[in-house]
Amino acid sequence: MTASLQARPAGLKKPGFQMTRRTRESLTGYLFVMPWIISLLVFTAYPMLSSFFFSMTEYTILTPPNWIGFQNFDVMFSKDPLYWKSVANTVYYVVLSVPLGLGVGLGLALLLNQKIGGIGIYRTAFYLPGLVPAVASTLLWMVLLDPRLGLVNAGLKAIGLEPVGWLKSATWAKPALIVMALWGGSGSSMLIFLAALKEIPQSLTEAAMIDGANSWQRFWSVTVPLLSPTILFNLVMSIIGSFQIFASAFITGAGPLNSILMYMLHLYRYAFRYFNMGYASAMALVMFFVLVLFTLLVIRSSSYWVHYETSGRQ
Amino acid sequence: MSSDALQVPIDMRRLRARKLVRTFITKGLSHLALIATAALFIIPFLWLVVTSLKEEAQVFTDPPIWIPRPILWSNYVDALTTPAFPFLHLLKNTLFYVIMTTIGTVVSSTIVAYAFSRLHFKGRDTLFMITLSTMMLPGIVTLIPTYILFRWLNWVGGYAPLIVPAFFGAAFNIFLLRQFMTTIPWELTDAAYVDGANDFVILWKVIVPLITPALLVISVFNFMGTWNDFFGPLIYLDDLSEYPLVMGLYAFRTQHSIQWNLLMAASLATCFPLIALFFVAQRYFIEGITLTGLKGA
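Going down the list, the sequences are from chains A and B.
The opening residue of the first sequence carries number 1 in this note's numbering; numbering runs sequentially from there.
The opening residue of the second sequence carries number 1 in this note's numbering; numbering runs sequentially from there.
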């Protein structure tokens, strides 16, 4: 240690104040992480904690917050019929879009995980929609899903199916949002799955093949267990993302009979249209706890179905 | 007997030929499946292009028109020069937003990641665990108090709320860069220490050149995220003159009686720069998305 200090030019040594290298390293460490500590305090910790306070107030920004206890929650749970509508819509959307999204992402990855030419082109084709911003893709799908003369209904008619009302129908507006999400979002989950598939050692699938496993058995008994950590990750992320669906519902305008009034859209209206920040904070807090609960449940359940290679080898 | 002896090599050849045919068929089927699926993803995009070049009367027709007649390139001129969608101005705003946040997040995250990976200080590992846990934090819980904070600072109606936080680091970027930095051998930095370099010099001269690919990944990724960001500009900006492209596109749709052909031209123009970047830097896009899955692996 002294050797490294002596190697420095003599001018850098301050007489009477000699820091050990360890102290100096600590100080530099704190200095370097300081921006992030500030960010955690100002943009994470403070907002999270003050959410509890704001959710107990009536606050319209123009006048100071006014403490009203649990009234916001009372209104939310028993006096705002649209609140439960938005909950039901969001749950419907999450329940369908999460498994479909994972299935399509994994399916595309499996299709691409073959030794044939042109994979790069196909991969780009699947991923390209992910580059289109939500506003543009929503506008495009409003054209494609036009009930009378949209391309999708023309396609349905061509293969002998009944055309449906999509965004103009209370029944089909939610499936329309799911189709839109699948188009734009499958590419990235496909890439994550594809990377995980490439990690699976070929020796394992070959060994299963020698043991006489057919391709379905190889998929369920070798590929899926080895992919399970990735499935867990994609599952958690897509649950968190789907519950907070906003842009497509917002741009298409809540749908007929509020059929796609999603939770975030309802919250947005209270916060930024009616400037009822207290009520919106209460809504945000409830959603936060629901998401934490779901995430913990999924992670807890993972010990039953997620296979980590190290534990599997014992 | 002698004819049997001759039969063997012929059988071998036939077998090989059959195997060749079989792989040809399976490969053909794979391509067919891939082409059919890719079509589902590409046709909507193609429709965006086709519709943007149509006359208004040809947008909704039965049967659908695949090749616009005439091809109206002038739609782009019309869409991008109307006062309702001042493309160049919106593009300038977008570039400002994107470049500022990218610089902010790359510089700050690099410095923070250096502390997490190369420096020892008390509480470091706890702080890193907190950082990891915030990556799963749903944005909804911080949304309103953060808005109130920026409102109180009088920053609403400008880019400060969208840009300033980027200069304080981002959890995922910090995590990713830390992973890269921990793989750099200590001998490299120890040598620089002995030569009297301080940590800033080491970070800049030794670490940064070695993690350039990772820095490009987070730059490209942040570029894409910010380019497409809708919610932030929606709540913090309130005038067309400030809007980035996606917000301008949203305003274009709400202000005007809808001319879908022009709207599609404006939409394509909004994503075109990003698509161009994608084709130039595809490797970094794909690596970035792949690396987001790293946490699960």
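Keep in mind that a hint or two might mislead.
What the hints assert, rightly or not - In silico BS3-like pairs for lysine-lysine, Cα to Cα no more than 25 Å straight-line:
1. A:Lys198 to A:Lys115
2. A:Lys168 to A:Lys157
3. B:Lys205 to A:Lys198
4. A:Lys115 to B:Lys27
5. A:Lys85 to A:Lys168
6. A:Lys115 to B:Lys122
It is worth saying that the hints were derived from the structure and are not from the lab.
To see whether the hints hold, each was checked on the structure:
no. : hint                 : verdict
1   : A:Lys198 to A:Lys115 : holds, 11 Å
2   : A:Lys168 to A:Lys157 : holds, 18 Å
3   : B:Lys205 to A:Lys198 : violated, 34 Å
4   : A:Lys115 to B:Lys27  : holds, 9 Å
5   : A:Lys85 to A:Lys168  : holds, 18 Å
6   : A:Lys115 to B:Lys122 : violated, 50 Å
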